[in-house]
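Q: All chains should be built: construct the whole structure from the sequences, respecting the hints.
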Amino acid sequence: MELSRGEIEFELKSGPMEDYTKVVAGRKGKIFSPSIWNQHVSSSSFINFTATEPVKFVLNVDEMNILRPGTLLVEVGQPHSFSVPKFFKLTPQSYRKEAIGTYMAVTFTGTSKESSFALKYNVEAISSTTNDPMEWAAMNSSFSAGFSLLVLIVAWMF
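Going by this note's numbering, the first residue of the sequence shown is number 26, and it counts up by one from there.
Derived from the structure by calculation, the hints contain no laboratory data. Nothing here was measured: the structure is a model prediction, and the numbers come from that model. Check before you lean on any hint, since a few could be wrong.
Stated by the list, open to error - Straight-line Cα separation of at most 27 Å, DSSO-like style, residue types lysine-lysine; simulated pairs: (1) 122 - 145; (2) 55 - 81; (3) 114 - 55.
A: What follows is the structure, given as structure tokens:
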């Protein structure tokens with residue numbers, strides 16, 4: 026029998042406890058219903074994650090035991106904006122649901138203590154694809170300057 030060397034790292038932090046409901050781009054995690062940990066508690070749960078700037082929430086159902094559909098609901102949106110929140114009714118077959126917002130609310134209304142779920146999530150940065158308006162202004166002014174010069178040369182010739 027041969028064993029290879031391994032390495033274990035852990036980190037101890039002092040100070041106030043970190044708020045796990047605050048998310049930033051790059052965070053990955055898994056949400057479990059309370060009934061997975063303790064069969065004697067209600068399976069219903071509510072979890073709300075918030076971000077300080079818009080991010081993309083990507084969701085994948087890892088495991089789900091339910092007696093009726095529509096018991097795992099996810100809402101992603103941005104408060105105080107004109108955008109409409111996006112709602113997902115997740116099923117055991119739900120794969121890669123994504124939406125952009127500053128919050129993600131997960132509601133599980135399990136009907137029995139046997140109801141449970143495990144939901145994987147990723148928080149991704151939103152890539153900016155907008156063009157720089159100064160770039161367009163520079164192209165526009167160089168075109169108009171060239172056109173004006175051409176008109177002056179043609180007018181001078183005649």
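Q: Please go over all the hints and tell whether each is borne out by the structure.
A: Comparing the hints with the structure gives:
Proximity of residue 122 to residue 145 is assessed by CA-CA distance (about 11 Å); at most 27 Å being required, the pair is judged to hold. Of the supplied pair hints, the one linking residue 55 and residue 81 holds, its CA atoms being roughly 16 Å apart against a limit of 27 Å. Restraint check: the Cα-Cα separation between residue 114 and residue 55 comes to about 18 Å, which is no more than 27 Å; the hinted pair holds.
Checked against the numbered hints above, the structure breaks none of them.
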